[in-house]
Amino acid sequence: MGTILQDMMGMLSRKKAATPKTDDYVTIARYTSAQERMKPHPKVETELVTMGAIKTFVNAGTTGGVTSVALSTNGNAIGVSGSPITTSGSLDLAFSGSASQYVDGAGDLTTFPPTIGSAGVSGTLALWTGTDAIRDSIVSATASLVTIGGIMNVQGATVQMPDLSHIVNAGDPTTKYGFASPTFYEVKIAGANAIAADSTTAALYAGGVPIIATNSTGVQVNGNVNTADVIATGDVQGNTMSVSGMNTAPASATAAGNEGDIRWTASHVYVCSAPNTWVRAALATF
Numbered sequence: 001m002g003t004i005l006q007d008m009m010g011m012l013s014r015k016k017a018a019t020p021k022t023d024d025y026v027t028i029a030r031y032t033s034a035q036e037r038m039k040p041h042p043k044v045e046t047e048l049v050t051m052g053a054i055k056t057f058v059n060a061g062t063t064g065g066v067t068s069v070a071l072s073t074n075g076n077a078i079g080v081s082g083s084p085i086t087t088s089g090s091l092d093l094a095f096s097g098s099a100s101q102y103v104d105g106a107g108d109l110t111t112f113p114p115t116i117g118s119a120g121v122s123g124t125l126a127l128w129t130g131t132d133a134i135r136d137s138i139v140s141a142t143a144s145l146v147t148i149g150g151i152m153n154v155q156g157a158t159v160q161m162p163d164l165s166h167i168v169n170a171g172d173p174t175t176k177y178g179f180a181s182p183t184f185y186e187v188k189i190a191g192a193n194a195i196a197a198d199s200t201t202a203a204l205y206a207g208g209v210p211i212i213a214t215n216s217t218g219v220q221v222n223g224n225v226n227t228a229d230v231i232a233t234g235d236v237q238g239n240t241m242s243v244s245g246m247n248t249a250p251a252s253a254t255a256a257g258n259e260g261d262i263r264w265t266a267s268h269v270y271v272c273s274a275p276n277t278w279v280r281a282a283l284a285t286f
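Each residue of the sequence shown is one higher than the one before, starting from 1 at the first, in the numbering used here.
Treat the hints with care, as some may be off.
Computed beta-carbon distance windows for the label pairs [as the list claims (entries may be wrong)]:
#1 P20 - I85: 21 to 31 angstroms
#2 K21 - A60: 18 to 28 angstroms
#3 D24 - I85: 25 to 35 angstroms
#4 D24 - G82: 28 to 38 angstroms
#5 L283 - G238: 14 to 24 angstroms
#6 V219 - S242: 11 to 21 angstroms
#7 A274 - D235: 11 to 21 angstroms
Worth flagging that the hints you see were computed from the coordinates, not collected in a lab. Glycine included, C-beta positions come from ideal geometry on N, C-alpha and C.
Kindly produce the complete structure, drawing on both the sequences and the hints.
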């Protein structure tokens with residue numbers, strides 16, 4: 001034993017190093033007992049063991065059978081290099097694409113949609129003028145009002161407006177376009193001038209006052225009727241009736257005339273009582 005220890009000490013002192021081989025021998029020492037280990041000069045037993053035996057001993061304490069490690073990804077956004085590793089090495093990941101792309105749910109590179117660079121006006125609705133261009137439209141909206149700054153043209157569709165009472169002219173709140181669902185009943189033309197209608201009556205307003213009103217029984221006029229001829233198939237009622245000037249008397253009692261025609265002269269009132277048949281009454285002071 002002393003010779004072997006001396007040889008080992010000599011090798012260390014000369015700093016001789018060698019690459020071990022499988023069939024190289026290594027000297028190992030064992031204590032003869034646990035109590036011997038505590039002594040200043042313990043007794044040991046030495047044995048020669050090959051490097052191959054040491055390797056087998058070390059490997060016997062490991063588990064598993066992995067001989068290769070690989071890495072892969074879905075999509076085209078991330079590239080993998082260095083895979084698989086069978087002995088030693090590293091797995092490297094490299095991201096592809098550009099700042100104009102993003103990685104979608106499938107792991108692929110996808111180009112961002114076009115961005116809208118122009119600024120809009122608060123409260124207006126957007127109008128697309130191209131695939132990637134937008135501007136404000138003539139339609140604006142608030143929580144309770146939609147305003148159209150032009151003509152609304154509806155083609156090939158039905159506009160349904162349930163429970164709509166009226167439409168207000170923004171420039172003149174007194175101008176209303178009204179509905180008594182589903183019957184249209186009023187169009188206010190300008191200010192207090194209007195035409196109103198429902199299922200039974202139609203009226204023409206001027207200054208907020210109904211001037212002419214019609215229904216199934218006749219026409220009512222509030223004011224003067226200035227016209228060359230008034231033709232009525234029913235009764236004409238009024239507080240007064242006047243003519244702007246005297247008429248020409250019929251040439252004879254059988255002059256041409258329509259039943260119901262009336263003419264005034266300075267001395268007589270002529271009434272056509274039947275076609276081409278006239279009677280008259282003389283006028284006198286009182």
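Results for each hint:
The supplied range of 21 to 31 angstroms is met by P20 and I85, whose beta-carbon atoms lie about 26 angstroms from each other. Between K21 and A60 the beta carbons are some 20 angstroms apart, a value that agrees with the proposed interval 18 to 28 angstroms. The hint said 25 to 35 angstroms for the Cβ distance between D24 and I85, and at roughly 30 angstroms that hint holds. For D24 and G82, the hinted distance range of 28 to 38 angstroms is satisfied, since their beta carbons lie about 34 angstroms from each other.
At roughly 21 angstroms, the beta-carbon separation of L283 and G238 lies within the given 14 to 24 angstroms, and the hint holds. Separation of V219 from S242 is about 19 angstroms and conforms to the stated range, judged on CB atoms against 11 to 21 angstroms. The hint said 11 to 21 angstroms for the Cβ distance between A274 and D235, and at roughly 19 angstroms that hint holds.
Violation of the numbered hints given earlier is absent; every hint is satisfied by the structure.
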